[in-house]
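Q: The primary structure of each chain is shown beneath.
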Amino acid sequence: MSALKHTPLVDLHRKLGGRMVEFAGFEMPVQYTSILAEHKAVRESAGLFDVSHMGQLWFRGGDAVSAVERLVSCPVASLGEGRIRYGVLCNEEGGVVDDVTVYRVGPEEIFLCVNASNIDKDRTWCEKQISGDVELTDRSNDTGLLALQGPRSAAVLARITEFDLGQLKRFRFAPGRVGDVSAWISRTGYTGSDGFEIYLPAEAASATFEALLESEHCSPAGLGARDTLRLEAALPLYGHELDDTTSPLEAGLDRFVKLNTGGFIGAEAIARRARAGHTRKLVGFHMVERGIARAEYPIQHAGADVGRVTSGAHSPTLGKSIGLGYVPTALAELGTALDISIRGRPVKAQVVETPFL
Amino acid sequence: MDEIDIPEGLRYTNEDEWVRLEEGRAVIGVTDFAQQQLGDIVFVELPEVGTRVERGDPFGVIESVKAVSDLYAPVSGTISEINGELTERPEAVNEDCYGDGWMIAIESVDAAEQVSLLDAQAYQKHVAERQT
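Each protein sequence line maps, in turn, to chains A and B. In terms of the working numbering, the first sequence opens at residue 1 and continues consecutively. In terms of the working numbering, the second sequence opens at residue 1 and continues consecutively.
Heads up, some of the hints might be wrong.
[As the list claims (entries may be wrong)] Once the Cα atoms are required to be at most 30 Å apart in a straight line, the calculated BS3-like pairs of lysine-lysine come out as:
(1) A:Lys320 <-> A:Lys281
(2) A:Lys348 <-> A:Lys40
(3) B:Lys125 <-> A:Lys348
(4) B:Lys125 <-> A:Lys15
(5) B:Lys66 <-> A:Lys121
Because the hints were derived from the structure by calculation, they are not lab data.
When you get a sec, could you build the whole thing from the sequences and use the hints?
A: Okay, structure coming up:
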């Protein structure tokens with residue numbers, strides 16, 4: 001077994017009483033006090049996550065824009081400086097290599113924020129695909145990333161920055177000083193609540209995390225709450241809703257895929273698979289009877305297995321059990337009655353609209 | 001981690017359950033250590049009253065936000081009562097694991113089986129071995 005990796009905040013997590021677990025090869029806090037309390041803090045006030053385990057791949061040079069345009073499913077050339085788009089990296093078969101956010105830093109400079117579990121795979125994949133005047137640098141280890149999420153995020157962050165947060169709209173980012181550190185402030189997140197992600201030098205991450213926690217409205221939040229929050233928002237998690245075989249269209253990511261213009265790796269295969277008709281589709285469901293659906297539980301219809309739960313949990317905000325999973329296209333209609341096989345027993349569920357909130 | 005409460009006078013199992021013995025009847029729940037390890041309890045599934053269980057059999061399930069855990073019968077017997085309150089208020093297991101968070105009562109418990117249960121000191125040792 002290889003040794004676990006650590007973010008620059010590992011000592012602070014331990015000091016704050018974080019319960020440490022393995023995630024994507026990193027030792028990370030799953031919770032500090034209670035997942036439910038941390039979830040609630042994000043929905044009602046502000047929660048602070050260390051997401052420094054995520055990766056940053058930088059592309060620089062005269063061909064950077066065209067190179068990234070070919071790598072990701074979302075339009076890149078039309079992405080203005082200081083703007084961000086969500087997209088996926090696809091393989092030649094149209095499967096998802098990773099889901100990423102694309103940051104347009106300058107005319108010849110872009111970075112992708114990628115999943116921790118996929119940093120090495122993504123870098124290798126991208127290096128193989130790019131050519132011409134473009135240099136790829138993996139800055140994952142030098143970059144600290146804090147996610148401040150929740151309705152009070154702006155007020156909490158304003159305590160330690162002069163930056164005019166009010167003018168930073170969703171999916172935009174800008175350089176700014178946070179405390180006495182030069183950072184990138186990004187109005188993004190993975191919770192379904194308003195918030196900011198702060199990119200900063202790895203060595204400054206711990207002190208900034210502590211400075212943000214000085215606000216009485218901000219509490220540290222771990223990966224457990226991050227997972228229940230993103231599930232309520234029906235945001236996919238790589239390795240669960242997405243993998244190397246999933247078409248982004250099966251996963252319902254149509255609006256992040258430039259199908260009309262194409263021009264990215266996997267576009268032809270995605271279009272071909274769509275023309276042939278997808279056999280399965282990702283749906284959201286809630287439990288009608290008592291029980292919690294968990295990842296990998298079979299989804300059944302009329303007594304037969306028809307799919308699998310990809311993510312499932314008790315939703316703290318809704319007070320009921322929700323989940324995502326793949327079902328045959330014919331069973332993807334809203335309102336469709338399904339069963340989730342929980343410990344061998346069918347428990348009633350129903351296809352509902354996503355996001356769940 | 002907070003202090004672990006292990007009341008004297010109760011008996012315990014290696015599976016982190018407590019047993020209160022009352023003249024041939026056993027009331028059963030999970031320990032403070034178990035509820036702390038599990039975190040926020042959001043679902044408890046208990047058997048029907050009248051079900052016969054053998055020692056070591058899974059009799060129910062307890063789920064926290066992150067994890068699913070089986071509950072094992074610490075003694076053999078017939079389920080005579082279940083704590084139906086836990087359907088609506090599973091968090092009672094976190095709040096008061098030795099009181100309102102009790103789970104089941106088993107009748108006609110074999111006296112010989114009672115001997116195999118741990119006392120508070122032995123269980124304390126079992127907990128300490130797993131704390132880092």
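Q: Work down the list of hints and note, for each, if the structure agrees.
A: Do the hints match the structure? See the list:
no.: 1; hint: A:Lys320 <-> A:Lys281; in the structure: holds (23 Å)
no.: 2; hint: A:Lys348 <-> A:Lys40; in the structure: holds (27 Å)
no.: 3; hint: B:Lys125 <-> A:Lys348; in the structure: violated (43 Å)
no.: 4; hint: B:Lys125 <-> A:Lys15; in the structure: holds (26 Å)
no.: 5; hint: B:Lys66 <-> A:Lys121; in the structure: holds (28 Å)
The structure does not agree with numbered hint 3 stated previously, though it agrees with all others.
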